[in-house]
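**Student:** These protein sequence lines are chains A and B, in that order.
Numbering-wise (the working numbering), the first sequence opens with residue 1 and increments by one.
Numbering-wise (the working numbering), the second sequence opens with residue 1 and increments by one.
There could be a bad hint or two in this list.
Copies of the same chain are indistinguishable here, so a pair counts whether it falls within one copy or spans any two.
The list that follows gives simulated cross-link-like pairs (lysine to any residue, SDA-like), each with its CA atoms no further than 20 Å apart [as the list claims (entries may be wrong)]:
id : residue 1 : residue 2
1  : K113      : M96
2  : K167      : M96
3  : K167      : S19
4  : K115      : N100
5  : K212      : V59
6  : K54       : K128
7  : K128      : G98
8  : K54       : F204
9  : K113      : F89
10 : K129      : L151
11 : K113      : L97
12 : K167      : E73
13 : K129      : V59
14 : K167      : P55
15 : K231      : I122
16 : K212      : G32
17 : K167      : Q23
18 : K128      : Y69
19 : K231      : N261
20 : K115      : K167
21 : K115      : T149
22 : K232      : N242
23 : K113      : T209
24 : K129      : G49
25 : K128      : G218
Hints are computed from structural coordinates only; laboratory data are not their basis.
2 protein chains.
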Amino acid sequence: MTNSITVVKLGGTEGVDFSAIAQDAAKMIAEGQKLVLVHGGSSEANALGEAVGKPPRFVTSPSGYTSRYTNRETLEVFAMAVNGKVNTFLVEQLQMLGVNALGLSGVDGGLLKAKRKSAIRIVENGKKKMLRDDYTGKINDVNADLLNTLLDAGYVPVVAPMAMSEKGETLNVDADRAAAEVAAALDADTLLLLTAVPGLMREFPDESTMIKEIPQAGIEKAIEYAEGRMKKKVLGAQEALNGGVKQVIIADGRVENPISNALAGNGTVIG
Amino acid sequence: MTNSITVVKLGGTEGVDFSAIAQDAAKMIAEGQKLVLVHGGSSEANALGEAVGKPPRFVTSPSGYTSRYTNRETLEVFAMAVNGKVNTFLVEQLQMLGVNALGLSGVDGGLLKAKRKSAIRIVENGKKKMLRDDYTGKINDVNADLLNTLLDAGYVPVVAPMAMSEKGETLNVDADRAAAEVAAALDADTLLLLTAVPGLMREFPDESTMIKEIPQAGIEKAIEYAEGRMKKKVLGAQEALNGGVKQVIIADGRVENPISNALAGNGTVIG
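Make the full structure from the sequences, and use the hints.
**Tutor:** Now the structure itself:
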């Protein structure tokens, strides 16, 4: 029985096995480990968007980060897919394994407060543009009291990556960075970012170039290696470590026992 | 400042004004009233089902109750619409009014436990049939501790009508009866069922025949007057009163200040 907290981020990418993660989580929780899960849901949001005739649009910032453009219409699609489907059925999977999971989005009880970026700068066909009516944000406050109240009462929080603006508006936020902020707010020992690759590679996608360990001082360099979505994971790792989390592990979510496997050091251990 | 709890059910039918209900709720909460909201979402679930090519199917039981047939596919549609959209954006509306709302479905933390009706008897074209693979249920336990923990910590629970089976499966449950079970479990003073009519009519749809008061002993008779969806509201009222709730009011959700209006006695007061 330990009082340390591990925050696990489950990727929304295809290939990541939620059922293996849920089973591993159930085993660890039964052994007394405190877990908080944060999930993505990109592929579900894309699929629902296509099905209802509102396909997703991805934009790239001048500094090279890719994100989902979210206006009010696509925010609804995102909420339905990520909060309605992924969250509900992940909670169901855990409940079926005897885990008293409880799903929340960041709007619930002001769990994740964020500064809304109502206008974002993007680069499209080499040209800089401004996009307005965007419902995304950067988290600046986590209601740790709410999570601690639930953990103390025996619940396992399962968090969907939506946040609340200063005005109370629902925002789409990056799930890796949401997990990082949650881990920092809870003084978690470990933040696990489970994804569809074995870790950060020096030369993506050559898995033989996977980096085993990155000291905190080496993160800036690592952000340069990172491609696409991986950039946000490394950025999230940096935010988590700056917030007091002891270690961040980027690891494979497609294997058996993905949580225990990662905690055994399989993956890129940062910090 | 009172310690009594009022449970408000907001209909998912078109015409019911969630924003007027949210504003009225915010005013009452600011005055110290403890509220728990339970919502429906039929029209949103129907719309999403149509949009993704999985239109809803309604079935009638031999005793004349109508309900939504929910297989695994339509359960996902229901979860996306009701838990993902209606719940998330009702919480948002309340947060924008300064209410610290927190959305839950009955699967979260085992809030609503139900017995699954995996096979249901229906009447179709005058013939009795059995339907299997149904994911609906009848609530038999409410986790009142969870609601009380949240209320004591200052949150306003907003409950989506989904429950959890004995095995942990997600089920679609009737929102009126979910609200009744929640009210009974919390020893609420009042259960308000806000809908798109002014109350129970002796001769539907003639509003001049609205019944102002029904004593608890008169409920069996009232179930006979009730048509369609109203039958479940009266049944819910009966369940709530049997569970110790002091009064149930079926009232108009389409007016200004719908909660205060109903509490002032406008509607059908039962019990």
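**Student:** Indicate, hint by hint, whether the structure satisfies it.
**Tutor:** Outcome of the hint check:
Taking the shortest alpha-carbon separations for K113 and M96, only the inter-copy value of 13 Å comes in at or below 20 Å, while the best intra-copy value is 31 Å. With identical chains, the CA atoms of K167 and M96 are at most 20 Å apart between copies only, with a shortest distance of 6 Å across copies and 37 Å within one. For the identical chains of this complex, K167 and S19 are inter-copy neighbours only, at 16 Å across copies versus 37 Å inside a copy, given an alpha-carbon limit of 20 Å. Within a single copy, K115 and N100 get their C-alpha atoms only as close as 32 Å, which misses the 20 Å cut-off; across copies the closest is 18 Å, which meets it.
Neither within a single protomer nor between protomers do K212 and V59 lie at most 20 Å apart by alpha-carbon distance, with minima of 31 Å and 58 Å respectively. For a Cα distance limit of 20 Å, the shortest separation of K54 from K128 qualifies neither inside one copy, at 24 Å, nor across copies, at 41 Å. For a Cα distance limit of 20 Å, the shortest separation of K128 from G98 qualifies neither inside one copy, at 51 Å, nor across copies, at 37 Å. In the homo-oligomer, the alpha carbons of K54 and F204 never lie at most 20 Å apart, since the shortest distance is 31 Å inside one protomer and 41 Å across protomers.
Taking identical chains as interchangeable, the C-alpha atoms of K113 and F89 lie at most 20 Å apart only when they sit on different chains, with a minimum of 16 Å there against 24 Å within one chain. With identical chains, the CA atoms of K129 and L151 are never at most 20 Å apart, being 44 Å at best within one copy and 46 Å at best between copies. For the identical chains of this complex, K113 and L97 are inter-copy neighbours only, at 16 Å across copies versus 31 Å inside a copy, given an alpha-carbon limit of 20 Å. Proximity of K167 and E73 under a CA criterion of 20 Å is satisfied intra-copy only: 19 Å inside one chain copy versus 36 Å between copies.
Taking the shortest alpha-carbon separations for K129 and V59, only the intra-copy value of 10 Å comes in at or below 20 Å, while the best inter-copy value is 52 Å. For the identical chains of this complex, K167 and P55 are neighbours neither inside a copy (27 Å) nor across copies (36 Å), given an alpha-carbon limit of 20 Å. Taking the closest pair of Cα atoms, K231 and I122 come within 20 Å of each other only inside a single copy of the chain (17 Å); across copies the shortest separation is 55 Å, beyond that limit. Taking the shortest alpha-carbon separations for K212 and G32, neither the intra-copy value of 28 Å nor the inter-copy value of 55 Å comes in at or below 20 Å.
Taking the shortest Cα distances, K167 and Q23 sit within 20 Å of each other only across copies (15 Å), while inside one copy they are farther apart (38 Å). Within a single copy, K128 and Y69 get their C-alpha atoms as close as 15 Å, which meets the 20 Å cut-off; across copies the closest is 50 Å, which misses it. Taking identical chains as interchangeable, the C-alpha atoms of K231 and N261 are never at most 20 Å apart, the minima being 23 Å within one chain and 54 Å between chains. With identical chains, the CA atoms of K115 and K167 are at most 20 Å apart within one copy only, with a shortest distance of 10 Å there and 40 Å across copies.
For the homomeric pair K115 and T149, neither the shortest alpha-carbon distance inside one copy (25 Å) nor that between copies (29 Å) is at most 20 Å. In the homo-oligomer, the alpha carbons of K232 and N242 lie at most 20 Å apart inside one protomer (15 Å), although the nearest pairing across protomers, at 54 Å, exceeds that limit. In this assembly of identical chains, K113 and T209 lie within 20 Å of each other by CA distance neither inside one copy nor across copies; the values are 37 Å within and 49 Å between. In this assembly of identical chains, K129 and G49 lie within 20 Å of each other by CA distance neither inside one copy nor across copies; the values are 24 Å within and 36 Å between.
For a Cα distance limit of 20 Å, the shortest separation of K128 from G218 qualifies neither inside one copy, at 31 Å, nor across copies, at 70 Å.
The structure shown violates the earlier hints numbered 5, 6, 7, 8, 10, 14, 16, 19, 21, 23, 24, 25.
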